[in-house]
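These protein sequence lines are chains L and R, in that order.
So the mapping is simple: the numbering used here equals the position in the first sequence, first residue as 1, plus 128.
So the mapping is simple: the numbering used here equals the position in the second sequence, first residue as 1, plus 128.
Careful: at least some of the hints might be erroneous.
[Said to hold, decoys possible] Heads up, simulated BS3-like pairs for lysine-lysine below, C-alpha to C-alpha not over 25 Å straight-line:
1. R:Lys521 / R:Lys578
2. L:Lys304 / R:Lys459
3. R:Lys459 / L:Lys178
4. R:Lys459 / R:Lys304
Honestly, the hints are just simulated from the structure, not real lab data.
Number of protein chains: 2
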Amino acid sequence: MDGYLPVGRGGGPDSGVFVFSCFTIRPASAGFSEVDNGMRLSRGFLPTLKENPAEAQVISHRLMLRAGLIRQTAAGIYAWLPAGWRVLQNIARIVREEQDAIGAQELLMPTVQSAELWKRSGRYDAYGPEMLRIQDRHERELLYGPTNEEMITDLFGQVVKSYRELPQVLYHIQWKFRDEVRPRFGVMRGREFLMKDAYSFDLDYASAVDSYRRMMLAYLRTFQRLGVRAIPMVADTGPIGGELSHEFLILAPTGESGVFFDGAFEEQDWLSDPVDIDDRESLDAFFTRMTSFYAATDEKHDEAAWADVPAERRREGRGIEVGHIFHFGRKYTESMDITVSGPDGAPLYPEMGSYGIGVSRLVAAIIEASHDDNGIIWPDSVAPFRAAILNLKTGDAACDAICEQVYAAAPESFLYDDRGERAGVKFADADLMGHPWQVIVGPRGAKEGKVELKRRADGARFELSVDDALARILGG
Amino acid sequence: MDGYLPVGRGGGPDSGVFVFSCFTIRPASAGFSEVDNGMRLSRGFLPTLKENPAEAQVISHRLMLRAGLIRQTAAGIYAWLPAGWRVLQNIARIVREEQDAIGAQELLMPTVQSAELWKRSGRYDAYGPEMLRIQDRHERELLYGPTNEEMITDLFGQVVKSYRELPQVLYHIQWKFRDEVRPRFGVMRGREFLMKDAYSFDLDYASAVDSYRRMMLAYLRTFQRLGVRAIPMVADTGPIGGELSHEFLILAPTGESGVFFDGAFEEQDWLSDPVDIDDRESLDAFFTRMTSFYAATDEKHDEAAWADVPAERRREGRGIEVGHIFHFGRKYTESMDITVSGPDGAPLYPEMGSYGIGVSRLVAAIIEASHDDNGIIWPDSVAPFRAAILNLKTGDAACDAICEQVYAAAPESFLYDDRGERAGVKFADADLMGHPWQVIVGPRGAKEGKVELKRRADGARFELSVDDALARILGG
Chain L
129 MDGYLPVGRG
139 GGPDSGVFVF
149 SCFTIRPASA
159 GFSEVDNGMR
169 LSRGFLPTLK
179 ENPAEAQVIS
189 HRLMLRAGLI
199 RQTAAGIYAW
209 LPAGWRVLQN
219 IARIVREEQD
229 AIGAQELLMP
239 TVQSAELWKR
249 SGRYDAYGPE
259 MLRIQDRHER
269 ELLYGPTNEE
279 MITDLFGQVV
289 KSYRELPQVL
299 YHIQWKFRDE
309 VRPRFGVMRG
319 REFLMKDAYS
329 FDLDYASAVD
339 SYRRMMLAYL
349 RTFQRLGVRA
359 IPMVADTGPI
369 GGELSHEFLI
379 LAPTGESGVF
389 FDGAFEEQDW
399 LSDPVDIDDR
409 ESLDAFFTRM
419 TSFYAATDEK
429 HDEAAWADVP
439 AERRREGRGI
449 EVGHIFHFGR
459 KYTESMDITV
469 SGPDGAPLYP
479 EMGSYGIGVS
489 RLVAAIIEAS
499 HDDNGIIWPD
509 SVAPFRAAIL
519 NLKTGDAACD
529 AICEQVYAAA
539 PESFLYDDRG
549 ERAGVKFADA
559 DLMGHPWQVI
569 VGPRGAKEGK
579 VELKRRADGA
589 RFELSVDDAL
599 ARILGG
Chain R
129 MDGYLPVGRG
139 GGPDSGVFVF
149 SCFTIRPASA
159 GFSEVDNGMR
169 LSRGFLPTLK
179 ENPAEAQVIS
189 HRLMLRAGLI
199 RQTAAGIYAW
209 LPAGWRVLQN
219 IARIVREEQD
229 AIGAQELLMP
239 TVQSAELWKR
249 SGRYDAYGPE
259 MLRIQDRHER
269 ELLYGPTNEE
279 MITDLFGQVV
289 KSYRELPQVL
299 YHIQWKFRDE
309 VRPRFGVMRG
319 REFLMKDAYS
329 FDLDYASAVD
339 SYRRMMLAYL
349 RTFQRLGVRA
359 IPMVADTGPI
369 GGELSHEFLI
379 LAPTGESGVF
389 FDGAFEEQDW
399 LSDPVDIDDR
409 ESLDAFFTRM
419 TSFYAATDEK
429 HDEAAWADVP
439 AERRREGRGI
449 EVGHIFHFGR
459 KYTESMDITV
469 SGPDGAPLYP
479 EMGSYGIGVS
489 RLVAAIIEAS
499 HDDNGIIWPD
509 SVAPFRAAIL
519 NLKTGDAACD
529 AICEQVYAAA
539 PESFLYDDRG
549 ERAGVKFADA
559 DLMGHPWQVI
569 VGPRGAKEGK
579 VELKRRADGA
589 RFELSVDDAL
599 ARILGG
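Please put together the full structure from these sequences, using the hints given.
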């Protein structure tokens, strides 16, 4: 393929023949939710279901199917329909921004991995039947990655040669596959799932602890922005030992684990917490404060320590694991023999940690934590649409005009229910889909230029002019 | 898992116990390239190579390895390092925006598919060894999707019931796998690759033609915004026949196909072309004009028609296929028996088309079309960084101060080369990586508050104040 023409004549300024000028570039649009167009429900690929699907055992699975977020395409494997895809993207964007904020660098590793890589670490045989093993046409052993410690360690070794380039924190948001024996609960325990996994490389243990604490802060901020509260709980570290493993559990009554924690957690605002992530003392103070609050799953619950928590601050509930951070030292750098040259020139094995967030699982976990009998209650930051416009009388000139006016103000923010359905159907679907706001447009109000604004979270209703309603919805 | 507590107590307003208020939400950041932080080269995961890697036969593969965009992790499978990932995201964003602009709806289908789906269409046996076939732990037949006609047709059938909901255009941007017997040329012919595939569903042939023409316009706009020119060429339609299949080829001397086309293509500005995509006559006029220009690959070249093109407008070259659009009628709706109810209530098989863009292939194709002997020349719209800041004397107070000042103005736009390397190394790496601009900061100019600005595309140099340089780089 190469060699048709001399190298260096590829259309650059010297190549003569095929130079096309760059025409006007459209202004780059903003983030995902703003890039996407809004939707008219009459034409959108947004199927809602009235009945509870028989196959769904947990509330989030039921609501995700009923609200048209997902459809199963094979056991434990789901297609994300437009509304579900928007939620997934909103979550991924927030995860990404908080990873970037602590200096983690995003890259993307492939889904299919070579078995060779896993033989080097010794995990190929150790990993059980949950690993989806694949043979290609040449009978080479491949696998669909369930995680990426081996691959990132290998890439790190190819790129980073000196201790001067440390620390490095690398992450990607990529689909993984775990061949669960009994996939269930929808995307809560699916087989193909989206995960953010980050990996840190540090010169020594003290620096690795800093990386771990920075990541913990990023996680607290991430979950807070997602509109849920995830409590970090000390987790088992396995054979490596040490104190540096935490699970993050979202509180939801249907959670798999019982949790006990200090209500002081609820008072913390991590987004305005003035931690200096470049300062070890500041990180240490943050970590000390954070771990001073009691928090434990039932497996690790300590009645004596619990008794020390003031009674009015004791919180009990259940939780769903949505994140796990883990320091594991030199396990992979040693087993795969990856070194950097140290200050004295001698090779050193970097200290590593890995840090996961279950992005697709979070969609279900947020729903478990935030719904009522009528459907989903999306936190603002992850909602697929900011508001639904409910036209209670399509064909009525005043209603249609006001609906179009609201929609045109910010099409990317609205789902316009322009179907010729009864008002009751529209109310039910809007509640089910869980938009933070509903703009209810009926013929009486429309004549006076008024709409009714309903807030999904608490059902509060406001009669407002179109402008005031828009300001309320789009303003904050 | 469900049933620990009554349904409906999931943290919504009625649940009492675990309601956490949403704290201040950080303002949503803008698109990907602006979300990402900038980078300091001393700490970035951005490895450049001086030497041409022996395994790379084509220039784009060489430059992608040398500029640190990708690393191979298995035959025909690549990891995208931070700079490459940024390019891929920039391309995907533009593709997405132009799909959205014609009313296509984004969703996401999974990578792993059930063989059952392909048996229904009859393609499971027909598809050769390029399909990566997988057995799960229960010995069920799965495969890594090479394309999604079957799955989208099945989803469409689950969701759309009436002709009133047509047309529908659905797309996703997802990783695919084709088990090439001899993967080569880097991501140009890799095995795991990123593709945008869209699918249209229409009630009748005339409406399907409209969908096809809208998509053609979206493609022309997409490629123009990517800073390359892709010429549509009539392609074989296979056994179905008809005129409705076009390939889009990017012109590059190393292309796999010879191409002949009318230079009038170069004059068209599709972004300001006033096509009304909701009006059949306007679409028809656009299509007639577009197809009136001669364009053919060598396989389809017609010397008689070519002779009719005015001599001064005849262009010959080579091209790389980066897109393919295809109308195939009822092939899948009939074989999979997917209908909607028509105006008279009787079931109808919708007409379909499919529309692909090779997103990861485009990274290589753009490089083939835009480079010189020194490296890549990124079009503005896809460049991983808008500019490199070259500090020619790190440690010099004036140089360091000016570099930091430039960097702080828009960290997301800059790669700051703060390494303690010789000037020659920094110049070479900046040319290799292909940033549209280089901000060259040396001690003499720095004392006077001046920088040298170099434009990569033509090598033009400007001595400017910091403010003027920033205005030039960030302004347009």
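Quiz item: So which of the earlier hints does this model not fit?
Solution: 2 and 3
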